[in-house]
Amino acid sequence: MNGLWRAINSGYLLTAALLFSASGYADPESDRASLREFYTKRFAAVPLEDHKDGAYALDAETRAQWQELEEFPLYEIAVDTGAELFAEPFADGAGYADCFGEPAVKQRYPSFDAERGQVVTLEVAINDCRAEHGEPVYAYTDPALASLLAYMAFESRGKTIDVAVPTQGAARAAYEQGKQFYASRRGNLNFACGSCHVQMVGNMLRGDRLSASLGHVSHWPVYRLKWQEVGGLHRRFQECNSQVGAVAFELQSEEYRNLEFFLSYLSNGLPLNGPATRK
Amino acid sequence: MIRIIFLSAMLSVAACAEQTESAAASDPQAQAQAALAVAQERYALSVDRGFAWRDALKQLEAAQNAFDAGDNGAALTAAQKAAELAALSLEQADAEAQAWQTRAPFGS
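Protein chains in written order, with the working numbering: chain A, 1 to 279; chain B, 1 to 108.
By construction, these hints were calculated from the structure, which means they are not laboratory data.
Certain hints may be false.
Output of the computed footprint for chain B on chain A, the stretches with three or more beta carbons under 8 angstroms from beta carbons of chain B [said to hold, decoys possible]:
| hint | segment |
| --- | --- |
| 1 | 232 to 240 |
| 2 | 245 to 254 |
Which chain B residues face chain A? A few, computed with CB under 7 angstroms, are given here [stated by the list, open to error]:
| hint | residue |
| --- | --- |
| 3 | LEU45 |
| 4 | ARG54 |
| 5 | ASP55 |
| 6 | GLU96 |
| 7 | TRP100 |
What you are looking at is a predicted structure, and each value in this text was computed from that prediction instead of being measured.
Just so it is clear, CB atoms sit at the ideal spot from N, CA and C, and this is done for glycine as well.
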């Protein structure tokens, strides 16, 4: 509780309020620049690129523990399984390579499909590929899908997040909806995403340090110790919503796809480093 | 004459409505059912708005389970709580329709 009051009384809250009051209509690039500036000031000793490591960029002790875990990564089996699945031909003789070319494509997702008028995440694109070739689509909870994501993320390591958001039209509207979701308080705890990841960022929430939103999308999917398996970003969104007392949305719902679109744009320029291990 | 007939009809309708209401008030099952309907409607609205609360859902489920089990007292209590929580979540949805803009992209 003391931490909470310290945060409320801190200058960071005031800075955030002053810098971003009435900025709901700012363009995507201004949002990105503002957020980077905020985190740069808030964590002056942390190189901007290090935020790709999430909370581990902010705490030397937990970073060391995490690096030890990464020596024998728990997602390795998923990556291997994903590689096999990626190479396995469909019944019609085609395969994922016919849809994606190479597996290292994560940097391009999510993207906005103008024809469908919606954000397409890598999960959706994988299922689109399967449907196009007469294969049954995966449930978004299917471990096979998580494995494919893990492999594609692994192959995409080092690529720079490069999500395009046009300045107007339906894609811009999807981005704005993602931004609105991020900034809206939900649940009986009345928390927005930014309540933890901006206002309280860097503080402890019980035993965990609250991460910055910059880099939130760079390391997925993750092997989460709590889950004991590899899972995707939207599963984490569900957890966050649930933790503040809100009823979570479906995996790959429009709300979460738009939120991922918004967060990905904010992380443009950061290198991908998934899959990763998280507590 | 027409006026008298009209007044008599109105009085009859009012008396019927009163009887129905008092019947509902004295019938715990009808009371619980009515409270459950209110809670379900409010909760559905909060889902539509994207601001549903887990506690509202939990109370709603508890109310439905109690009602199905014939425990009208528990059903009524839980349904009223669910309706109250759903109303709060709708207030939050109303407030956030504008308030988010003062925080974006931060959500402080």
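Hint numbers the structure violates, sorted upward?
Failing hints, ascending: 1 and 3.
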